[in-house]
Amino acid sequence: MLATRTLLSKQTLTAVSHQPTCFVHQGEYGYWGNTKVAVFSGCGWWDGSDVHEGATMYHLSRNGARFRTFAPNQQQMHVMDHMKKQPSTGENRNMMIESARFIHGQGKRQMQDLSTLDVNSFDAVIFPGGHGIVKNSTFMKDGKDCKLHNDVERVLKEFHRSRKPILASMAPVLACRVLPSIEVTMGYERDENTRWGNWPQTNMVQAVKGMGARHVVREPYEAYVDEKNKVVSTPSFMWETDYHYHYIFDGVGNMVKHVMRLSS
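Residues in the sequence shown are numbered from 5 upward in steps of one, following the working numbering.
Just so you know, not all the hints are guaranteed correct.
To be verified - Dumping the calculated DSSO-like pairs for lysine-lysine here, alpha-carbon to alpha-carbon at most 30 Å:
id	residue 1	residue 2
1	Lys145	Lys161
2	Lys40	Lys151
3	Lys232	Lys213
4	Lys232	Lys89
5	Lys145	Lys40
6	Lys89	Lys139
Hint data in this document are derived by calculation from the structure and do not stem from the laboratory.
Could you put together the complete structure from these sequences and hints?
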């Protein structure tokens, strides 16, 4: 009996030692759970949450962070027909409810109203980005003079004031609007078509420059760090490609690693 127990114990220890991600997961910057990150959702491609928000969550988990997702509890500007690439008629959707699609039915346990986000409960905040984030401000109408959602502006200012990292992909336009003289990347400043992809959103680069920000050219797979202001950005889907999506996901991964470094 004793020999059997000893054998089972050895087998159990062997199994545990071969399952680090399940039992004792450790990221590059500490044990799992040391860093807590707020993820702003409901801000993806054209109208709502996007698949690269999922990539953000993947990289956060891989690097040992815990996260909560937040979204404004209000109606979207409009609902897009993604086949026709134009707004649908007669449809209304709530941003928080739509964003909950990304958390596998966990509901209120994971998705929370942005108005409840408390800077003291988190070490960093991420705005994964997308056209939805500019549509739910007044950027489309007012450009560099746009007004932000009240809670978005509050969160950006509070994390900046607390010297906690802020991450953004297409969302630097929001940070540049309320944080003075920050440095960001949104990719290239001219639409340079190559066999790999192109840059059709360069007008947004000119907008952030008009807001007083310094723009730094980077590739889709890179991230740029404004060390002074703790703002980290990556071009993400400012770049359009038919096949090379892994570059965009690599850029998100590099962005997350910098935030983990700044948070630790």
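Each hint, compared with the structure:
{"no.": "1", "hint": "Lys145 <-> Lys161", "in the structure": "holds (23 Å)"}
{"no.": "2", "hint": "Lys40 <-> Lys151", "in the structure": "holds (28 Å)"}
{"no.": "3", "hint": "Lys232 <-> Lys213", "in the structure": "holds (18 Å)"}
{"no.": "4", "hint": "Lys232 <-> Lys89", "in the structure": "violated (39 Å)"}
{"no.": "5", "hint": "Lys145 <-> Lys40", "in the structure": "violated (35 Å)"}
{"no.": "6", "hint": "Lys89 <-> Lys139", "in the structure": "holds (15 Å)"}
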